[in-house]
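Participant: Letter by letter, the chains look like this.
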Amino acid sequence: MAHSARRDSPELPDLSLLKRLVRDQLIYLLEQLPGKKDLFIDSDLMSPLDRIANVSILKQHEVDKLYKVEYKPISSISDQLCFLIRPRIPTVKWICDVVNADKAAGKYRRYKIIFTPQKFYACEAVLEEQGIFGDVTTDEWAFYLLPLDDDIISLELPEFFRDNFLAGDQRWVRTAGSALHLLHSLFGPFSKVYGIGRCSKMTYESWREQVEEGDQKPRLAEIGNVFLIDRDVDFVTPLCSQVVYEGLVDDIFRIKCGCVEFGTDVTSSEKSIKVMLNSKDKVFNEIRNEHFSNVFGFLSQKARNLQIAYDKRQGMDIKQMKAFVSEELKGLKQEHRLLTLHISASESIMKKKTKQDFQELLKTEHCLLEGFEIRECVSFIEEHINRQVSMIESLRLLCLLSVTENGLLPKDFRSLKAQYLQSYGADHLLTFSNLKQLGLLVEQQPGETLTVMESKVGKLVNDRTAGKLTDAFSSLAKKSNFRALSRKLNLVPKSDEEYDLRVPRDMAYIFSGAYVPLSCKLIEQVLERDGWTGLEEVTRLINGHEFAVTGSSGADFKPKSDAQRIILVMFLGGCTFSEISALRFLGKEKGYKFIVVTTAITNSSRLLEALLDNHV
Amino acid sequence: MMKSKADEEDYWNSSKCNAFTFDDTDDEFSRLKESKKAVSSIGTLMGEDGEDDWEKFSWSGEPVGSISWSVKEMAASNQKTDREPAFPKISTETPPLNKSQSGLSLSSLFKGKGKGGNLQSFSDILGDSSLRLYTPELRKPKSEYKDLVGDWSAEETVQRLQQGKGVSLEKFRSLQDKLLLLDLAVAAHDGNAITAVLIYLKRTLCKEVLFRELESRTTALRHFIHYLTETREQRLLLELLRALGRTEDAALLQYKEYKSITDENKRRDFLKSCLSLPFAAEDAAHVLDHYTLLERQIIIEAADRKAEREGKVEIFQKFPRKASILNMPLITTLYYCCFYHYTEPEGTFSSPVNVRQTFKISEKQYFTTALAARAKLKAWLDVDALFNSRNWLGFTKKKSPLSFQRVVDILQKNSAPTHVLQDYVGLVSDAELRISLAQKHKCHDIVINTYRDMKDRQLLAQYRKKVEQGSPEERKIDELLNNSQIRWKN
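Quick mapping for you: the protein sequence lines, in order, are chains A and B. Per this note's numbering, the first sequence runs over residues 1 to 616. Per this note's numbering, the second sequence runs over residues 1 to 490.
No wet-lab data here; the hints were simulated from the structure. Watch out, some of these pointers could steer you wrong.
[What the hints assert, rightly or not] Not everything, but these chain A residues come out facing chain B in the computed CB check (under 7 Å):
1) Y121
2) A167
3) D169
4) Q170
5) M202
6) Q388
7) I392
8) Y424
9) L430
10) S433
Since the model is a prediction, treat every value here as computed from it, not as a measurement. Where is the CB? At the ideal position from N, CA and C, for every residue including glycine.
Could you build the full structure based on these sequences and the hints that come with them?
Facilitator: Below you can see the structure in the form of structure tokens.
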């Protein structure tokens, strides 16, 4: 970043400890089934597993062959089978089928299911119903936390969002509490915990109970404060297009478990390559938080510097050349590779975004955030649907319209829904039902009193004008919560001011200066005020469940210590890379360091895909 | 690899919204191109050792030896065995008791007392060394095992459920006790514990009582609905929703079943049977549309497949169908009809006009779809006619329910030639937008004429550099620049 960082930023604790712990535990569990065994892994556990172990570790512990769980009959001939799975009913049912098929064939094997991060009674009930309880042994692998980077930890539980917020199933609350408990015992004791949202409150409670159940050894805290936030506190932010480099890469190429696969259009060769994206990539580390428009300039500068460094060789004698080759060349070559890669990725992003009229899309989003020219936005969305452009993108715009406007006008809602179903298929009836349940896409409820007045006025004018009046009145009737929040917290900077994206002045830079993410703004405000005092109106608009508590075990509580400026922010239901960038910016401004813990990295597509009803 | 696409660059830069957009990028972008060149020139500079280093730096996320890689290899090597038959039928005879069964079955946990020979007390089980495999919790010192056989209160029971420990619920027999257990689990906010209690209640309470009690317990109810959804107990779930008076939800749930029906005729019949379900008013109309559409698709598909096979209809030969039209969205169907059946009389099922009327498709939507379909076929006369259709006064003025900018966009995406695009670019009323579109699509005449009309000599002179040397455009510009009749403003 171009701006000056506060020099006294505290050091982050070493999160790699988490990896070592879970690796040891996995090895221990594998040893519980001595002898050669085949291992079946849930497909979405493979990448997380790759981050902490590798095949040779598994082989050392007598894992013979590795398979992906595919809900098909198995071909393994091993007499010991181990299943490493998420606690999901369909997966357990499949294992039951496997075991029962063996039984029918008179085949005898030993089976072990390792549930991660924990097992559920509902899964065990399936084992019992299918008559194989006792034929399989079960265990739990407490793989709660995967550090994706120095300051990002993921629970890798994307289903948390749907289960908790759509289905209202609190099965993961305890999991989140345990994850927090683990961090508390490794890097705590925490002195303060702030939070907002129902799930946050429950998670806090679960964590507190677990602290009481166990005993914490007195140690020097490395993480002082914690902030818990529910995803449904702020749906606006994850629905916006990301324009910061890392977020943009995630939107376009989908970063999976800290790793991205660049296709042939980026590599300009026949093979696609997988690249780890984290702070170890020096080039990436410098551009990840930058607004995309700055990335070009930065990369150009980098390329020039690289050229100069290479050019140094020109006038060298043998000795100097030798030193150059042994000391600098390797670093330069690596930088060269990284630079080539990110330049190509930027090019590819540019092409894709130009093709899909990104400029117009952004303009519509900004108008929605600002509450400006809403009719134009509605017709833009309508055309978007009419042209059958990306199904998810249309849904995203509809939801953004709804959450910023507190619902769609009834006639817009009906017409857009009908057109959506016509363009993308009638089965989206179920999607709409889900979105309504979650409150992401709803119809405005006309205000009672205004309806009366409206009909009075309506009588005085002709029908056409009355129609327009209805629009005007309905928008008056229900002031959007988002608009009110936006005013209270100053989320949308005045549009007539120039915003220099090179020198960001606030977190709004992550959305081109158009919007300060609500989630991050809340965090900023609460930290600044050391609680929720003065934010009563804001929490009322968000629908509350806020809390701020101070720990009593403040034996080594030194308010000035570095740990107090390390803040753990836990997003329940997912957070976006843009939010992480915003927090990094805030940290630099205020001398904090944030560690983001999230149930999963999310973005608009993942958020909405989780709400489609496309499984049978 | 960098195809220097001036048009993209221009487009990017053409936006008018300043503060919030990627402005200035043209500058940066061209700098980027330079740096790209610079970097690639270094590549050749560095010569041979460029390629093989790719592997050494561990930035290929899946280096050889990673788990994902290994699983993929395994899958590949197993492709033959993959085609084994589906699961063999399991004999319905009661299997012999498994000797190795190490006790602790869930039923023994729940029931406390087992049946007959299966009876194993907890202390028996706990003596069994094989139990050590069970849970990490059970590996604790023996003294703690005492916990397991205790007579737990409801509070303690819920607490143990939360900790994932084995526990018997069987002693909670009165409705009051059962509900206390449920309410405590809900109060503990632990979904796993709530569901465990619900599974027990489902087994030990009749539906009527269970449903009645759940009605006032929203959190528990949501858990129960989710549990039934996951275990696919559709019938019970429907009963529950109906008992709660949530008929619209029940209707949707029932409707959803069509997804599991693959045969199109059966699916159509199923959808027909759904029409009488108590949907919300607007949803009922959508479901009716869904049914009508599938019915129609089945007819069109049968006719077109036949026509295609017989090879008598030219269009199917020229543009073979890529997929069946069955189960496609309405607009895709309309596009299909505009593509293959454009000129059909209104009376046929596949006539676009008929589709439009049956499903009350908006004018704008119809126009957009027809435009795209005819442009795809390069039927420029049809495209042209679309704009003139409302021309009943005899004028040949083109009208469009869609902005001409969007029209140009659609035509261009269907690779319309410049001479076609030109007609529509010219109709964009905003001069600035017209110029930027014209530049983007190389409609030189429009740019030149617009500059001439603006009397902007400088811009015209600048544009001269962008057209090809010796081209008619260049000559035209020269003529204009030398024309002393024009009063240039600069």
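Participant: Would you mind marking each hint as holding or not holding in the structure?
Facilitator: Hints, one by one, checked against the model:
Because the beta carbon of Y121/A sits about 4 Å from the nearest beta carbon in chain B, less than 7 Å, this interface hint is met. Contact between A167/A and chain B, as hinted, is supported at the beta carbon level, the nearest pair being about 4 Å apart and thus within 7 Å. A cut of 7 Å between beta carbons decides the hint on D169/A: the least distance to chain B is about 4 Å, and the hint holds. Because the closest C-beta pair between Q170/A and chain B is about 3 Å apart, less than 7 Å, the hint holds.
The closest approach between the C-beta of M202/A and any C-beta of chain B is roughly 4 Å, which is under the 7 Å cut-off, so the hint is satisfied. Interface hint status for Q388/A: upheld, as the beta-carbon distance to the closest one in chain B is roughly 6 Å, under 7 Å. Among the interface hints, the one on I392/A is violated; its C-beta lies about 15 Å from the nearest C-beta in chain B, farther than the 7 Å criterion. The interface hint given for Y424/A holds, since its Cβ lies 6 Å from the closest Cβ of chain B, which is under the 7 Å cut-off.
For L430/A, the shortest C-beta to C-beta distance to chain B is roughly 6 Å, which falls under 7 Å, so the interface hint holds. Among the interface hints, the one on S433/A holds; its C-beta lies about 6 Å from the nearest C-beta in chain B, closer than the 7 Å criterion.
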